[in-house]
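**Student:** Can you make the complete structure from the sequences, with help from the hints?
Numbering (this note's numbering), first residue to last: 738 to 1250.
In case anyone wonders, no lab produced these hints; they're calculated from the structure.
None of the values given here were measured: they were computed from a predicted structure.
We treat Cβ as the ideally placed atom computed from N, Cα and C, and that holds for glycine.
Errors might be hidden in some of the hints.
What the hints assert, rightly or not - Pairs of lysine-lysine, BS3-like flavour, derived with a Cα cap of 30 Å:
hint	residue 1	residue 2
1	K1114	K1230
2	K1040	K1142
3	K1114	K1073
4	K841	K810
Claimed, not checked - Label pairs and their computed distance ranges (CB to CB):
hint	residue 1	residue 2	range
5	Q948	E1147	26 to 32 Å
6	E1147	A837	35 to 41 Å
7	D1013	G1236	42 to 48 Å
8	D848	G772	27 to 33 Å
9	V1156	L769	35 to 41 Å
10	W1138	Q937	31 to 37 Å
11	D788	E1196	26 to 32 Å
12	G1236	H920	53 to 59 Å
13	D800	G850	36 to 42 Å
14	A834	S1139	56 to 62 Å
15	K897	A834	30 to 36 Å
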Amino acid sequence: MKFELLYASTLAASFELLNDEVYYAPSEYDVLLNGKVVLTKVKTNVFTIYDLEPDTEYFVTVDGYNLTFRTRKASLISHISEFKNLGNNDDTLMFQAAIAALPKDGILYIDKGEYHITSIFLKSDMTLYLEEGAHLIGNPEMNAYAVIPPEQKYIDANKKELQLGTWEGNPREAYTSFVNGIHICNVDIIGKGEIDGNAQNSLFWKNVKTQPIGRPRDIYLNDCEHINFIGVTIENTAAWTIHPFFSNHLGFYDIKVSNPKDAPNTDGMDPECCDDVKIIGTYFSVGDDCIAIKSGKFYIGQKYNIPSSNIVIRNCRMHEGHGAVVIGSEIGAGVKDITVEKCLFEHTDRGLRIKTRRGRGRNSIVDGILFRNIIMKHVLTPLVVNMFYFCDPDGHEEYVWSKKKLPVDERTPYIGSFVFENIIAEDAEYALGWFAGLPEMPIESITVRNCNFTVSKGEKIYGNPAMMDGYDKQSKIGFYFLNVNKVRFENVKASGYEGERFIVDNVLSLEEK
738 MKFELLYAST
748 LAASFELLND
758 EVYYAPSEYD
768 VLLNGKVVLT
778 KVKTNVFTIY
788 DLEPDTEYFV
798 TVDGYNLTFR
808 TRKASLISHI
818 SEFKNLGNND
828 DTLMFQAAIA
838 ALPKDGILYI
848 DKGEYHITSI
858 FLKSDMTLYL
868 EEGAHLIGNP
878 EMNAYAVIPP
888 EQKYIDANKK
898 ELQLGTWEGN
908 PREAYTSFVN
918 GIHICNVDII
928 GKGEIDGNAQ
938 NSLFWKNVKT
948 QPIGRPRDIY
958 LNDCEHINFI
968 GVTIENTAAW
978 TIHPFFSNHL
988 GFYDIKVSNP
998 KDAPNTDGMD
1008 PECCDDVKII
1018 GTYFSVGDDC
1028 IAIKSGKFYI
1038 GQKYNIPSSN
1048 IVIRNCRMHE
1058 GHGAVVIGSE
1068 IGAGVKDITV
1078 EKCLFEHTDR
1088 GLRIKTRRGR
1098 GRNSIVDGIL
1108 FRNIIMKHVL
1118 TPLVVNMFYF
1128 CDPDGHEEYV
1138 WSKKKLPVDE
1148 RTPYIGSFVF
1158 ENIIAEDAEY
1168 ALGWFAGLPE
1178 MPIESITVRN
1188 CNFTVSKGEK
1198 IYGNPAMMDG
1208 YDKQSKIGFY
1218 FLNVNKVRFE
1228 NVKASGYEGE
1238 RFIVDNVLSL
1248 EEK
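**Tutor:** Rendered as structure tokens:
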């Protein structure tokens, strides 16, 4: 089996098989390191080798195919067990002292055991290694966390404000997160250990709509570059689990993100105004969207105009969540050049989902999106593109839901061309696809090719294919198109739906081959 190196850190390295299979390898395989078996009966396309040495060359063998790589250099390995916490149950200061003491390119090795932390802040040029059995547990007391301001002004009046606290696309006071990276670069967070926000034992999930301060994330990266994760489990967050914000060159390899199904707003990962992000071999099971790509609401989109771009999502498994891979809805600066492939979606409400609304602004341009080689199992609505998404305090006002043609102005978003190909979607419930553009700004084009969709054979279950006002709940319908310029279907099979294959309203061109 041919494979390639995804990323080599100091003490661990992740690899990916080169094939066309979705998430799982075509057959189980063993992994040899320098001729000795280190992994047996591996089932997935992505695998990771741990317990390596820094600045060391290794060769890896899978099924007769060899690859040589070298781990990153390190200056020293500092064990957290060498530091002491005397007389209290909060290990935060102990961790912060250990981080501060690290020299450039140092490794902080978190030994097996439980550690109780409020917020820790990483610094540049370090590795945080969590040994198997290392368990970082968040403080459930809300008043234990500091609060950061939404934005601060530079002395230089020509510079835009420094964005610090943020909540769902807008500047806002926010609690410090569990693990924070602000203005840092060249950091690896790796290992088999757990980063556990412990929000299920806090008040952060109570009265979430009325809390005046933005809830903590498990991981918050603000203005960071070259940050990589390998292997760790990140779970039980108070809000979004991993939130990179204005950050670039990020890698997430073979990690696990887990939150209870009923946990509020616990997205798995939310890259916001980020460029060059790789999410590969990751497992998600969360209480909201698994991956939601964002770029701020109107204020952020107009002021900075930094889209999220060049994002690759591959060989991931989304087991439960509202949406598997989502673009929006906070996309005031747009989203471009996204590739999602070789992913498995199971029991999510929606599969590939784009959501926006009037008010996101003229910079909210979504284009260059490719979804291919996806398997969906019991996803309620596999494909959704919705420009009437009823979010925000004004989400149910007529301006958002009106089906009348309104003037195109600075608040009008744009959705361009989408390609969905080589998709198998089994046991859909509400609809096979739901595509709703604005009458004044239709979706440019939808291409679906080489796909097979089936509707569940069970009794009818009704629900909303898309979160938009003015429509009854649906069950077992085909493909709905509203305000789309061009629709093209090539070699698409669909079965089990009731009524017409295509339900069409204001579509300029529909071609089927």
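**Student:** Could you work out which earlier hints the structure fails to respect and list their numbers in ascending sequence?
**Tutor:** 6, 11
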